[in-house]
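A.B. asks: Listed here are the chains, written in short residue letters.
2 protein chains.
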Amino acid sequence: MRGFWSRALRRPWLMAACLALPLAQGCAPVRGVGDMGVVIERASGSVEVVETTGQTVLSRVEGLGDLSHASLVYSRDGRFGFVFGRDGGLSKVDLLTGQLVGRVMQSGNSIGGAISQDGKLVAVANYQPGGVRVFDAETLRQVADIPAIGADGRSSKVVGIEDSTDGCFVFSLFDSDEIWVADLKVPAKPVVTKFTGIGSKPYDALISPDGRYYIAGLFGEDGFALLDLWNLDAGVKRVLPDYGRGEKRTAVYKMPHLEGWGMTEDLVFLPAMGRHEVLIVERAGWREVGRVPVVGQPVFVMAQPDGRRIWVNFAHPDNGHLQVIDVPSRKVVKSLQPGPAVMHMEFTPRGEHVWVSVRDGDRVEVYDTATFERISTLPATKPSGIFFTSRAHKIGL
Amino acid sequence: MRGFWSRALRRPWLMAACLALPLAQGCAPVRGVGDMGVVIERASGSVEVVETTGQTVLSRVEGLGDLSHASLVYSRDGRFGFVFGRDGGLSKVDLLTGQLVGRVMQSGNSIGGAISQDGKLVAVANYQPGGVRVFDAETLRQVADIPAIGADGRSSKVVGIEDSTDGCFVFSLFDSDEIWVADLKVPAKPVVTKFTGIGSKPYDALISPDGRYYIAGLFGEDGFALLDLWNLDAGVKRVLPDYGRGEKRTAVYKMPHLEGWGMTEDLVFLPAMGRHEVLIVERAGWREVGRVPVVGQPVFVMAQPDGRRIWVNFAHPDNGHLQVIDVPSRKVVKSLQPGPAVMHMEFTPRGEHVWVSVRDGDRVEVYDTATFERISTLPATKPSGIFFTSRAHKIGL
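So the protein lines, in turn, are chains R and G.
According to my numbering, the first sequence is numbered sequentially starting from 1.
According to my numbering, the second sequence is numbered sequentially starting from 398.
You may find that some hints are simply not true.
[Claimed, not checked] To spell it out: a stretch of chain G is covered by chain R in this simulated footprint if at least three of its residues, at any positions, have a beta carbon under 8 angstroms from a beta carbon of chain R; those stretches are:
#1 427-433
#2 468-474
#3 514-525
#4 606-618
#5 702-709
#6 747-756
FYI, nobody ran anything at the bench for these hints, they're computed from the structure.
The beta-carbon is built from N, C-alpha and C at its ideal position, and this holds for glycine as well.
Next comes chain R alone, as it looks inside the complex (with noise of 0.2 angstroms):
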């Protein structure tokens, strides 16, 4: 770059060709994307662009349609983000520019999305017709279309979608009990490897941060379905059987998301069925070994990037709470009010603060995670999801 200039002024072209760059690119500022973030605005179908180094609002981009259930993933350079609304749409959002660059209405019901390691594809998992629909993540243009026949021949609802290593995406069939392993390291020709009767009705599913194991919740009876992406020749595994029963199901009033699964190093923290507490899981076995009494039904369960402390918010008629239990003691630590309908939570990626959605009180609050200090409101119009770009770095995310 140095001497830049100098050649520049004895050549009017590419002078030109810098002052039309900002009229190309919206007036964009240049400014590193590592601290910026979305927050989903779930009933203007509008996202705002925020960042986390002095909280504020950078814009709002408008027109993503049904963002009723909405999430999101990055470009592997985290400029943008693929927005995947409840109707079906798939959105890409410039962050620089605030700016909706791509839309496609890929289905009529959809329920997430992932990209692939390499972040040259994005697949959406459908509800309506079923399926897997993938695209280029340059230019949106659809380059697969994996329709989810199960073994009984009748196409299903597709959840759980889940992106791995080697070029694979990992998903669950919600009609036919199945799970399926896709590598799309040629897209045109996707090679599925198909577990069936894996358990009934697998209704949403996570993956480990390294990327190596599944595991799929089950609506239609106790336990989960854990598949070894390192050797799928042992086929999917029951962990947790109890976990779920003598539980009456219409008692849950919002399903537990399983993304908000808590790791940390030999311990994962994660909702219970149904109950007011959070159960406490070795990861090496799958044995509970503990619960911790908690305020209301746990919605998301998760770990500081420390793995020190836990943060959970809760369903109605409880979701005005935020309770923050201690790792090492296995204790509620602290208990806050944010506000009316607390929706999701997002940490800063080194884990100094964490952000928290206020749906009904049209805001979102930041807190110190050290002090448990709120140190900014920020405001959004009926806030759910909260997604910063660091995401784009993660496997699963």
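Could you slot chain G onto chain R? The hints should help.
C.D. replies: Just chain G now, kept in the frame of chain R:
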């Protein structure tokens, strides 16, 4: 951003500001920094700015002094790299404009630095005159000076500086056998907790990815010094007491880099001192559970982000080799010869590729971690360390 230009057209000053912007910014491209990185060119005092999506060199930045043993940390937005030179120089590089935007000669001889959890402070550990100096990350103005006067009353070289959580840095005093934890929540008034008699001559250190365990290597005796930062009252303990035992220290051509330890979910892979072996240690209990024979004395022993394979480079005269250990089978599954003097490896954030610096080949090689195929070669002048911006989001990196 919608309607921005229509507003701008009605406000000439806004239009002018937008057109002037690229001038002030050196005509920097608007792009995400999430797929960018820096390659140290050790002999020429320069760095290359690179990107990992297309695998290209974007710019070269010169004037960084002696980079013969350089390291780097990133600002929390991923835009700026802070380069710690051997000559005590602290340089701030803007990856987007490709310019050196700040530089201070902060000591006579330095071995490394760290950035605080909140990104506000950059701390440098010094050999000469010893001690730690702390700088404002924005301006490079000095905000604190922590002389390292040991219990013996003399000034010590400082090594192994790491950032932890809650505003702390941790470092070791080589000459007085101490580990200090400096709380810099109020930067002008550091609160230092000192641990003395921790073992003879700590020469380097690492911190676990959750910021909890600080582990110093000892030059003067066998084993490692371990400090649990969640439980300072327990003090410093000795672990792996047989590490190094029975070796002639003069046989060690190059001290192994502790930051190059490969940490997987349950295991730590680390270089054996002076032996052609990689040690396997259980994280729970710090007990050695196996050894893997390799082609030379290991220098960096690094785990892929998915923890499935470990990549190892070697000291002279075996430094043309690179070996890959499969974690489940604990065996070498691939041997590569990238070229003369392999200095460092860096994985892309989700681990699909690994970048390898080949110093005496004046090039960087990029390999696919699944197939081991070489997919790109980039020119670089005597490259050593490679640092991608995803480090901005990780405790201790």
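A.B. asks: Hint by hint, say whether it matches the structure.
C.D. replies: A quick look at each hint next to the structure:
1. Against chain R, the stretch 427-433 of chain G contributes 7 residues with a C-beta closer than 8 angstroms to a partner C-beta. That satisfies the three-residue criterion, and the hint holds.
2. Under the rule that three or more residues need a Cβ within less than 8 angstroms of chain R, the assignment of the stretch 468-474 of chain G holds, with 4 such residues.
3. Counting residues of the stretch 514-525 of chain G whose beta carbon lies closer than 8 angstroms to any beta carbon of chain R gives 3, which meets the minimum of three for the stated coverage.
4. Closer than 8 angstroms: that is the beta-carbon criterion, and the stretch 606-618 of chain G has 3 residues meeting it against chain R, so the requirement of 3 holds.
5. Given as covered by chain R, the stretch 702-709 of chain G passes the check, having 4 residues with a CB less than 8 angstroms from a CB of that chain where 3 are the minimum.
6. Interface restraint, the stretch 747-756 of chain G with chain R: holds (3 residues with C-beta to C-beta distance below 8 angstroms; minimum three).
In terms of the numbered hints stated before, the structure departs from none.
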